[in-house]
Amino acid sequence: MTSLGAHEAASVLSGPVLADAPLRLHAGVIDYILVATYFALVLGIGFIARRSVSSSLDFLLSGRSLPAWVTGLAFMSANLGATELLGQSANGAEFGIQAVHYYWIGAIPAMVFLGLFMMPFFYGSKVRSVPEFLRRRYNPATQRFQAVLFAVASVLLAGVNLYAMAIVVNALLGWPLWLAIVIAGLVVLIYTLIGGLSASIYNEVLQFFVIVAAMVPITLVGLHKAGGWSGLKAKLFQQPHGHDMLQAFPAHELTGIHNSFWSVIGVVLGLGFVTSFGYWTTNFTEVQRAFSAKDMSAARRTPLIAAFPKTLIALVIIIPGIVAAVTVPGIQKLNEGGTSNVNYNDVVPLLMQQLLPNGFLGVALAGLLASFMAGMAANVSSLNTVFTYDLWQGWLRPGKSDRHYLNVGRWVTVIGTLIAIGTAFIAGNFGNIMDYIQTLFSFFNVPLFAVFILGLLWKRATGHAGWAGLATGTAGAIVIFVLNQAGVIPISSQGSSYLGGGVALVLALIVGIVVSLFQTPKSDKELVGLVTGVVDATEAATAEGVSAVGEVWYRNVWVLGIGALVLAAACYIFFMFV
Amino acid sequence: MPRHDNKVLNYLFDLRTIIAVLFAIYGIVCIIWGAAFTSSSELDKAGGININLWGGIGMLIVAALFVWWTIAKPIDQQAAAHSLEESEAEAQRNL
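Chains as they are written, first to last, in this note's numbering: chain U, 1 to 578; chain W, 1 to 95.
The set of hints was computed from the structure by calculation and includes no laboratory data. Even for Gly, the Cβ is constructed at its ideal location relative to N, Cα and C. The hints are all genuine.
A few chain U residues facing chain W, derived, Cβ under 8 Å:
| # | residue |
| --- | --- |
| 1 | THR37 |
| 2 | ILE48 |
| 3 | VAL70 |
| 4 | PHE209 |
| 5 | LYS225 |
| 6 | GLN354 |
| 7 | LEU356 |
| 8 | PRO357 |
| 9 | GLY359 |
| 10 | PHE360 |
Excised from the complex, chain U in its bound form:
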């Protein structure tokens, strides 16, 4: 699932399965051997990880034992699914440098905010999931509401990921859709079932390195063939929108908003604040990676460490897209407003086909397949945790032995994966419905963020304010979406998703405040560690002592957080002058 945009992922889905196969790669035996090596290793990870699974916490949260660099890279790459990779390169080809907004303003500030301000509450309260935090801060109804939404969303999104992969595998290698769905589904099932979250996280990190190994040569060789950066610019200037593609602001093309002022507002507030904070700070698929860190310092550093590769990877994803805009005839035609037998989402496969020799093609294929599976595994492993802890232990069957919950976790993995496989099979017949589902799920995050902020900052917020705010906020976003689709609100679909997010945020806050004012507030004792400023006096003193000493400078969260913001800002400035 992408951070912001259902729309990129959605368009991957609606890509046609082309009969004349312009994307077919001439993969040789050596390429298949390299792909097979990768998957042998991934299954091996599952088996080695098994020995450290002796409790439900081991299976569902890696026993809270992982070092910060692992959780950090996993945090970043749980989002770098293949739909994200293909979709963002497509954005690069269509919008040029404007696509960096999805990374630098659309992710980094939110990740820094999560690490600096929110993680102390998340990790410090020892909750095991985002819905569990909602129960502690609000009430069980809020926990259940969020857990059910999240579980349904996760399983359907896992299916969407699987189907997107099958389409790509079909176009690149000519495998039938059903075969690709079944094989990929089974590989994911085996390693997540055996190794739990650890196996899933290890694969995410491994996948990240392979993707980088494939994208760096594609970027460098692509630039070389385009005549270097200056050659690329010269060629872009000859195209109708070439000039705009080299300017990050005001990003008319990206936002679809014609007025420059509102376009910039859309990027900064819509993308940079509403959608981005909603996704990065409360989406359990992401946050779970930090929950599995070994201590508070590692948990806070998880999103901060992730921010650095997140900033830099934009370069090897978006620049290849821009290269394709001038070197791939089919993409060039699209930018000139013509029709073509390929579409923007084919940028990465087209470049692989054009540039990579057999051998490295295998590395790139392994990376692409791995990132599809990692995206699906991330959905499955977060579904597990929420179902087991929030729905089963917290609601349906409380008070059983830990062994019982470990088994439930394993069963949910099996059933969840099977439903995802089923969803993937159905998805082919209902392409548009799947697009809508993705878009709708992207609205759930914003009200969740609003409810979190209300709860963290205002100790007067009461139990029922939680679910009431979530429900109205979500409903508000859906209403805006429907009105936009029906043509009642005549703005671009990007603009409408910013507007929907904004409406959801405001509605959730207003309803949360109004409901709270009609109820008796919780006592301070119940809110220790859950609301800013409400702390247990003795614990506060120890926490202060722990964070002040014993950390070298490069582990200091403030150094990392500010460093990440500076790096992102420096990247913007750099692209203003090159």
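Since the structure of chain U is already known, use the hints to place chain W on it.
Here is chain W on its own, set in the frame of chain U:
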């Protein structure tokens, strides 16, 4: 993550080792392929750059760096034991 005393398994399950193994295999295969089996038409595709050779060398360097890191800073056994106690205590609390 190491929970047991088996040192070999601990090294194997160290993610740094896994990354090193994968990149060493990929690096060696790509170097050999680039040196011996990459045709001139494939070189032309990449503007004369031998991606297999250079990419392979790059991956081998990454593998070496991870080996060095794994050896220089092995997983702290004591910290691992500590986190085991903690997670067991937590499992108890959550029951």
